[in-house]
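Q: As a plain string of letters, each chain reads:
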Amino acid sequence: MNGKTEVSEFYSGLYTDNIKRIEADSSPFINSFRNEAFEKYTQLGVPTKKNEAYKYSNLDLFFKHDYKTYFIPDKSDFQKAEDFRCDVTDLDAHGVVLVNGFYPTINGKLRELPGRIIIGSLNEAAKKYPALIEKHYGKYAKSESDGLIHLNTAMASDGVFIYVPNGAVLKKPVQVVNLVDSEEDTFSQHRNLIIVGENAEFNLIICDHTLSPRKFLTNAVSEIHVGENSHFDIIRVQNEHNNACKITHTYIHQEKNSHAASNNITLHGGLVRNNTFHYLGGEGAECNSYGLYLADKWQHIDNFVNIDHAFPNCTSNQLFKGVLDEMSTGAFNGRIYVAPDAQGTLAYQKNNNILLTDDAKMDTKPQLEIYANDVKCSHGATVGQLDDNALFYMQSRGIDKRQARLMLMFGFAHEVIQNIKVEALRERMDNLVMQRLKGELSRCASCMVKCG
Amino acid sequence: MLSIKNLKAGIDGKMILKGISLEVKAGEIHAIMGPNGSGKSTLAAVLAGRDFIEVTEGSVEYFGKNLLEMAPEDRSKEGIFLGFQYPIEIPGVSMVNFMKTAVNEHRKHNGLNPLSASDFLKLMREKKELVEIDSKLANRSVNEGFSGGEKKKNEIFQMAMLEPKLSILDETDSGLDIDALRIVANGVNKLKKPYNSTIVITHYQRLLDYIVPDVVHVLFDGRIVKTAGKELAFELEEKGYDWIKKEVDNQN
Numbered sequence: 001m002n003g004k005t006e007v008s009e010f011y012s013g014l015y016t017d018n019i020k021r022i023e024a025d026s027s028p029f030i031n032s033f034r035n036e037a038f039e040k041y042t043q044l045g046v047p048t049k050k051n052e053a054y055k056y057s058n059l060d061l062f063f064k065h066d067y068k069t070y071f072i073p074d075k076s077d078f079q080k081a082e083d084f085r086c087d088v089t090d091l092d093a094h095g096v097v098l099v100n101g102f103y104p105t106i107n108g109k110l111r112e113l114p115g116r117i118i119i120g121s122l123n124e125a126a127k128k129y130p131a132l133i134e135k136h137y138g139k140y141a142k143s144e145s146d147g148l149i150h151l152n153t154a155m156a157s158d159g160v161f162i163y164v165p166n167g168a169v170l171k172k173p174v175q176v177v178n179l180v181d182s183e184e185d186t187f188s189q190h191r192n193l194i195i196v197g198e199n200a201e202f203n204l205i206i207c208d209h210t211l212s213p214r215k216f217l218t219n220a221v222s223e224i225h226v227g228e229n230s231h232f233d234i235i236r237v238q239n240e241h242n243n244a245c246k247i248t249h250t251y252i253h254q255e256k257n258s259h260a261a262s263n264n265i266t267l268h269g270g271l272v273r274n275n276t277f278h279y280l281g282g283e284g285a286e287c288n289s290y291g292l293y294l295a296d297k298w299q300h301i302d303n304f305v306n307i308d309h310a311f312p313n314c315t316s317n318q319l320f321k322g323v324l325d326e327m328s329t330g331a332f333n334g335r336i337y338v339a340p341d342a343q344g345t346l347a348y349q350k351n352n353n354i355l356l357t358d359d360a361k362m363d364t365k366p367q368l369e370i371y372a373n374d375v376k377c378s379h380g381a382t383v384g385q386l387d388d389n390a391l392f393y394m395q396s397r398g399i400d401k402r403q404a405r406l407m408l409m410f411g412f413a414h415e416v417i418q419n420i421k422v423e424a425l426r427e428r429m430d431n432l433v434m435q436r437l438k439g440e441l442s443r444c445a446s447c448m449v450k451c452g
Numbered sequence: 001m002l003s004i005k006n007l008k009a010g011i012d013g014k015m016i017l018k019g020i021s022l023e024v025k026a027g028e029i030h031a032i033m034g035p036n037g038s039g040k041s042t043l044a045a046v047l048a049g050r051d052f053i054e055v056t057e058g059s060v061e062y063f064g065k066n067l068l069e070m071a072p073e074d075r076s077k078e079g080i081f082l083g084f085q086y087p088i089e090i091p092g093v094s095m096v097n098f099m100k101t102a103v104n105e106h107r108k109h110n111g112l113n114p115l116s117a118s119d120f121l122k123l124m125r126e127k128k129e130l131v132e133i134d135s136k137l138a139n140r141s142v143n144e145g146f147s148g149g150e151k152k153k154n155e156i157f158q159m160a161m162l163e164p165k166l167s168i169l170d171e172t173d174s175g176l177d178i179d180a181l182r183i184v185a186n187g188v189n190k191l192k193k194p195y196n197s198t199i200v201i202t203h204y205q206r207l208l209d210y211i212v213p214d215v216v217h218v219l220f221d222g223r224i225v226k227t228a229g230k231e232l233a234f235e236l237e238e239k240g241y242d243w244i245k246k247e248v249d250n251q252n
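Protein chains in written order, with my numbering: chain A, 1 to 452; chain B, 1 to 252.
Isolated chain B (complex conformation) (with noise of 0.2 Å):
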């Protein structure tokens, strides 16, 4: 499904990412973990066609198309989601509008008909319950006035009327508590089908409890450094990141 090769990339020429290769087949779930400033966010970010990042060596393919060709729009309705660490406020758009232009681009994009009001507001309903949001956030502007844990739903609430094929959650876990953990991760999982893929991105453990990964991934100073299974992050919980950098010193 997403092929990364070397891919190297910064910001006005501060180079970020040194380098990373990655597969993500379809129907799996990855964990990308490691300290603060490895470079996890930007990796995100370019997945989702950031254009202030600056992409100056190696290829993403997903699907067999060339990803860092495409705007963001076009990753958006070829099925890539980007769940945001910091979602944004949009004061004066509505979320039943938002979302109604999104999935009606989406269902453009794939031949279909636009939903009719009703239908969209079944859909909506549907979904809303997933994420156990409140109704009234429906009506409110995008993400205003949302709180943390709000905001964090509502990603995942999108997501559930996007149903995207390749979710990257960038730090959703961050600013929850457990309660909210155990919502956002059980919605993450209900939307979970044998052939769509996550990439989990993530600073702890935690979130791994209830969204279990097939991979785990420890990136660090712009390169995967190590990559095992679930084990990792359990070892990574208790042990903290030094050994990682202990390791990579040695290999210098």
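Excised from the complex, chain A in its bound form (with noise of 0.2 Å):
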């Protein structure tokens, strides 16, 4: 396997060096996954283009690299954390920060918001509240094949925890802002844990922002379990420099006719890699699974989808549009899994690209696996130009080719961001996209929070 290169080797010396002030925060129970963890990193490694997997992008742009330090924060970082004050312009959400994957003492480690929904440090809340904890920590981020994960489960000690009780419904979504911040080139890690109880229901949006022009690696796990009834939605927004690498590993576990969406939008960043999963495990289960990305220059895209139909009668979506300019390129791998007495399954995915050059690149490729036999099932893959006749159409109203081709982008982009509920940050990414695709969006520039 991978774990014996050289590039996985160097991430062993990371967790051995590192692990005695890694445990020597975090709470025994978390600290109890990270032997077994890490043996199965030592097996795995970092995955290559080997790995059937990640076989379109090219990790060692960002894991090939002498980071000088694990970062593991110290009272100094939190200061300036708290310095940090971020606050949201025009969405009205309860806001949460967190640096290089730690949750700084702003306002304390964990709040408590109307309806007894928690918020906070996932490493408080391990001490705080370890029946929550042990309940749900590790049992949905597994893999047999992404060394990734075990290594976040090796060395993760932080991250956001919310707890949504059963029948609390908030209103106002929460926002994590995740800020990447250093004067050195660092990989960092962060673990969120969210529980959604029985028919609850919650907004979560995340934010990935890097701050400072140096080389960035985040290697970021979500775990969250979204209880029967519930409605739950997670909408993600990168936008990171181009010397940033993210990437992301989303566990969605859902029960019993719960809904749940997510939706990656990525704006900016280097090499972006989604891993998103859902698990419909309960009957009339139902999952929206969009993604948006974005690239130009030398950026990598990769989105990654699982949905696993281990019961009967449920329904997926997968959604997934890019628009690639220069040399940028983009992936899309979406599987659907349907369990052999999963009957009744709805499961559709659709993925459409546009190449506004001929070196932009696209790769994509269903996956289905089937083993029953009642079910509809769809997929359908385009990669494209904009439409001549569409330009033409539009110029012969008087509307100049440039406008006419902004107009299509973002036409087509919006099919994605239609689909997020919430109205404020429906109208705050239609905007966003638009400067983006207009070429006026910079690094942090422009986002939802007004830093500083």
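Since the hints were made in silico from the structure, they are not lab data. Hints are supplied without guarantee of correctness; some may be wrong.
[Unchecked claim] Within a straight-line C-alpha distance of at most 20 Å, the following computed PhoX-like cross-link-like pairs (lysine-lysine) qualify:
(1) B:K151 x B:K100
(2) A:K401 x B:K108
(3) B:K165 x B:K25
(4) B:K136 x B:K122
(5) A:K135 x A:K256
(6) A:K401 x B:K100
[Unchecked claim] With the C-beta cut set under 7 Å, the calculated list includes, among others, these residues of chain B facing chain A:
(7) K77
(8) A102
(9) H106
Glycine included, C-beta positions come from ideal geometry on N, C-alpha and C.
Combine both chains into one complex, guided by the hints.
A: Put into structure tokens, the structure is as follows:
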């Protein structure tokens, strides 16, 4: 396996060098996963292109690098974060900030919102609410082939914890802003745990940002449990610089009659890989998995989706769209697995791409594994250019070509954006996408958070 | 208004228009008829600025300006409107947004401020009635999922919104049932002003029952082979195009 490669061994070294510091600050329960995870990591290593699920992404571009330290904050880092006031301008949300994956001490490490909803640091929650953590932590993020899950379990010590109890309905979304900021090239990992009880309703927004122009690598795992009859949406907005690599693994475990939607919106980033797993773990569960990626220069954006129809009468829908400019590349891999007794399954998948240049490239791969017979499944993928006929039609009405191109691209992208339920965010995203398509969006500028 | 002189044009080196001359004066309605493949739609496309058609010879003047040098969007803003034979579907772009952008581009060109949202919607409501278009269509993506008739009505609706000086209607009647045909033709007639002109390109005479032309031209094999008054349309309806072909053959 890959565990013995030079690249993989570098991260084993980071583990060995830092594990004492990591364990000292973590709860015994979270620590109890580390040994076994590290062993699995040493077998699997960092995925290479030989790993079928990663064949379109060259992770070495970011993994093969001598990150000086494994980031573990000390008090001064938190002080810096304290100084770093971030508030949301026009989005009415409960804000949470993570700095390099750690929860700073703004307003304390855990806070309670109306409806006994708890938001805060995973590390702190593991000490204060061990029963909740023990029921869910490490239960959903499992992999027999991806060493990065295990590297995260072995080393991550903080991230966001959210608990939405049974029957709680949070009208305002929670916005988590992940800031990556360091004067050194930095590798960081964090771990989020979101527990949504039964009959609850909750929207989560995660924004990924880089603040300083160093080389960054982030490997983040989120475990999410959505209880019976609950509604949960997660929207991830990525706007990192070209020298940053973001790898996310989002596991959404859904119970009976639950509705969950994930939406990965990548506006900017050097190398982005989003792994999204929906496990439909009870009859009547429904999931939507959306994604939008806009890339240029040498950017590479790769979405991997796995929908697991483990129970009968569940519905899933995937819609991923991308616009690739210059020599950027993209990949989409959408797997639908229908278990032998998952009768009455409805599963749809669509991936549409626009290549604006001859050098841009897109790999798209549907993967359907169906072991039940009463199933409706469909998938479709397109890779094409902007429609010349549509451009001419618009021009013939007085709209100049540049504007017509923008309108076409925007209309294409909007099909994904329109699925965002929070109206203020939907409008904000429309604006950001328009700015991005106009080439006006750079790094952190004009994001939804106003920093400083 | 429009002066076409000895226009020759083709696609990929294949000549389609083989020397067309045509004068359209303000207020006139011209009908261009002709069998399939005679070059009618190519002529419309050249006038609207489709760039894959190569003009090899001749000139087109529009209000004294060289039309062939103008970008398609500038032709539109200067008052040329092409009603498409096959209107294009534009997923993700709403009719409202599309028309608002177009109308405001025209206004900018004419030194006017953009319309406010409410004024724009008012204008849309007014013009929609003209072509009896379903108001729900305005909220949908441009032409997406429209029936054939709705698409053609939508062309006339756009024409009403943009108030062109010269409208070129390319086979606007094709695929329309008699009711839709009447609505479309009525729309065109209501929009007719003493100073604006229309070129109606059609296969059949029946549209000309509603939109009465001043001049009828017959286009055949890339040339205008016959020009006469509206009675020519009836003659064509009765006798078909074969006698024209024979006449042309005899001349050669």
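Q: Take the hints in turn and mark each one as holding or not.
A: Structure-based check of each hint:
| no. | hint | verdict |
| --- | --- | --- |
| 1 | B:K151 x B:K100 | holds, 18 Å |
| 2 | A:K401 x B:K108 | holds, 16 Å |
| 3 | B:K165 x B:K25 | holds, 11 Å |
| 4 | B:K136 x B:K122 | holds, 15 Å |
| 5 | A:K135 x A:K256 | holds, 18 Å |
| 6 | A:K401 x B:K100 | holds, 16 Å |
| 7 | K77 | holds, 5 Å |
| 8 | A102 | holds, 4 Å |
| 9 | H106 | holds, 5 Å |
When each numbered hint is compared with the structure, no violation occurs for any of them.
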